[in-house]
Amino acid sequence: MIPEDLRYTAEHEWVAGDGSGPVRVGITHFAQDALGDIVFVDLPEEGAEVTAGETFGEVESTKSVSELYAPISGTVVSKNASLGDEPELINAEPYAAGWLVEIAPADPDAVAQLLDANAYKALTES
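The numbering of the sequence shown is the working numbering, which starts it at 1 and goes up by one.
Don't read these hints as lab results, they were simulated from the structure.
Model, not experiment: these values are computed from the prediction.
It is possible that part of the hints are untrue.
Said to hold, decoys possible - In silico DSSO-like links for lysine-lysine, alpha-carbon gap of 30 Å or less:
#1 LYS121 x LYS63
#2 LYS79 x LYS63
#3 LYS79 x LYS121
Input sequences plus hints: build the corresponding full structure.
Printed below as a string of structure tokens:
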């Protein structure tokens with residue numbers, strides 16, 4: 001459950017896109033599985049500036065509340081409005097309908113600095 005075409009962070013976020021335009025961000029299957037049933041998501045508004053490694057929102061599950069960390073710095077250009085009514089989409093489809101935000105990167109090269117699928121797999125198996 002680790003798509004080869006995405007980039008990853010040690011905090012279990014994924015990034016789709018190469019950074020030449022807005023990238024889509026979500027949490028991995030590993031993260032949603034560890035969280036359990038997700039019941040609420042707090043995401044930044046469009047236009048918000050996010051900084052790589054800093055929190056930009058929260059995911060609340062029946063087990064706990066977990067902070068979301070920005071994988072790259074940039075500007076939020078959209079957020080997944082469906083999660084307001086259906087936060088469980090993150091559990092059902094973490095790499096598709098359960099995406100969180102789209103970010104216009106401040107540095108297009110930042111995406112390439114993230115973990116590839118093999119490195120992320122090694123991280124989750126250790």
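Hinted pair, alpha-carbon criterion (30 Å max): LYS121, LYS63. Please report holds or violated.
holds, 24 Å
Decide if the proposed pair is consistent with the structure: LYS79 and LYS121, CA atoms, cutoff 30 Å inclusive.
At roughly 27 Å apart (the allowed maximum being 30 Å), LYS121 and LYS79 satisfy the hint.
Given the hint that LYS79 pairs with LYS63, test it: the Cα-Cα distance must not exceed 30 Å.
holds, 24 Å
When the structure is compared with the earlier hints, no violation turns up for any of them.
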